[in-house]
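Trainee: Okay, here's what each chain looks like letter by letter:
Number of protein chains: 2
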Amino acid sequence: MAKKYWMTEEPIDPNDCIEKVVRNEAGAVNTFIGTVREFTNGKRTLFLEYQAYVPMAEKILAQIGEEIQEKWGNTDTAIAHRIGRLEITDTAVVIAVSTPHRKDAFEASRYAIERIKEIVPIWKKEHWEDGTQWIGDQKEKTAYDDRIPSEEEMRDD
Amino acid sequence: MAKKYWMTEEPIDPNDCIEKVVRNEAGAVNTFIGTVREFTNGKRTLFLEYQAYVPMAEKILAQIGEEIQEKWGNTDTAIAHRIGRLEITDTAVVIAVSTPHRKDAFEASRYAIERIKEIVPIWKKEHWEDGTQWIGDQKEKTAYDDRIPSEEEMRDD
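Residue numbers (the working numbering), protein chains in the order written: chain S, 846 to 1002; chain W, 846 to 1002.
It is possible that some hints are incorrect.
Intra- or inter-copy, both count: the list cannot distinguish identical chains.
As the list claims (entries may be wrong) - Restricting the straight-line Cα-Cα distance to at most 20 Å, the calculated cross-link-like pairs of lysine to any residue (SDA-like) are:
(1) Lys948 x Glu959
(2) Lys888 x Arg868
(3) Lys888 x Pro966
(4) Lys962 x Leu893
(5) Lys888 x Pro945
(6) Lys865 x Thr936
(7) Lys962 x Glu974
(8) Lys888 x Asn919
(9) Lys849 x Thr934
(10) Lys970 x Asn886
(11) Lys865 x Thr853
(12) Lys865 x Tyr898
(13) Lys948 x Thr934
No lab work stands behind these hints: they were computed from the structure. Since the structure is predicted, the reported quantities are computational estimates derived from the model, not experimental observations.
Chain S with its partners taken away, still in its complex shape:
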């Protein structure tokens, strides 16, 4: 797979991201893996569903890679995000960032996950033991009860 920023319905192997950023100039690779957690504030999750506007989401993942390069320099980044139904412990997202020195790799990888949650159009539907809920934005500040925004509504933002 040649893409460095991609959405997929298939399980993600962390190596798919890591191998794309390992290089002679780098001494450090930081990888962040987001997995499906069973309990959140005592509530049990049975499984999750992720939906995304795929071309838009992939474009914004690539933009995050560019932001990282501008901020830290001499970086290489790969990000994969899964969509569809995910079971407990499944991997939802993998970020890998390589840099010459470790401090930058940690900081840039942390930046990437925060930005993903801020600006990438991906929605999570929680299937709790006692009901379901669309999580509005990924920082979980807005909840949608019934549906996610339409692509048109997104464009109006």
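Dock chain W against chain S, hints included.
Mentor: Frame of chain S, contents of chain W only:
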């Protein structure tokens, strides 16, 4: 491989560490991978050699995992460090830490690599283009020209 903290002469697959820490309670896994960089301050490295007192090193890696558990709680950690001859871009160390939330995973993983460089008896011999040098401690504050400390000298510390 059942060990969660190990030294090895074989290539390390990051998944060997990641799979050991993924669990229902965790929503985040941070992985740090240290790779062999070609240039350091303009000097070209041809290859590296790592030596370690293996049983002592593995014991101290496990101790670092315990320190992380004490500091952050609800963590799971796996660490593998390679020894022997490593080529440019080869993986020297893999750390994986899982926690319920991402902030702790980043912090604990960063802590682990700093502690490894402070307290684990592993020595690196740089094979530069223009000579060789044993790097004394991994934070590179002390250099040994000819040899690494004997196991007895270590015990005297």
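Trainee: With reference to the structure, classify each hint as holding or not holding.
Mentor: Verification of the supplied hints:
no.	hint	verdict
1	Lys948 x Glu959	both (17 Å within a copy, 10 Å between copies)
2	Lys888 x Arg868	between (42 Å within a copy, 17 Å between copies)
3	Lys888 x Pro966	neither (25 Å within a copy, 44 Å between copies)
4	Lys962 x Leu893	within (16 Å within a copy, 39 Å between copies)
5	Lys888 x Pro945	between (41 Å within a copy, 14 Å between copies)
6	Lys865 x Thr936	both (18 Å within a copy, 14 Å between copies)
7	Lys962 x Glu974	neither (24 Å within a copy, 45 Å between copies)
8	Lys888 x Asn919	between (42 Å within a copy, 17 Å between copies)
9	Lys849 x Thr934	between (23 Å within a copy, 19 Å between copies)
10	Lys970 x Asn886	within (16 Å within a copy, 49 Å between copies)
11	Lys865 x Thr853	within (17 Å within a copy, 24 Å between copies)
12	Lys865 x Tyr898	neither (24 Å within a copy, 33 Å between copies)
13	Lys948 x Thr934	between (28 Å within a copy, 18 Å between copies)
Taken one by one, the earlier hints fail for this structure at numbers 3, 7 and 12, listed in ascending order.
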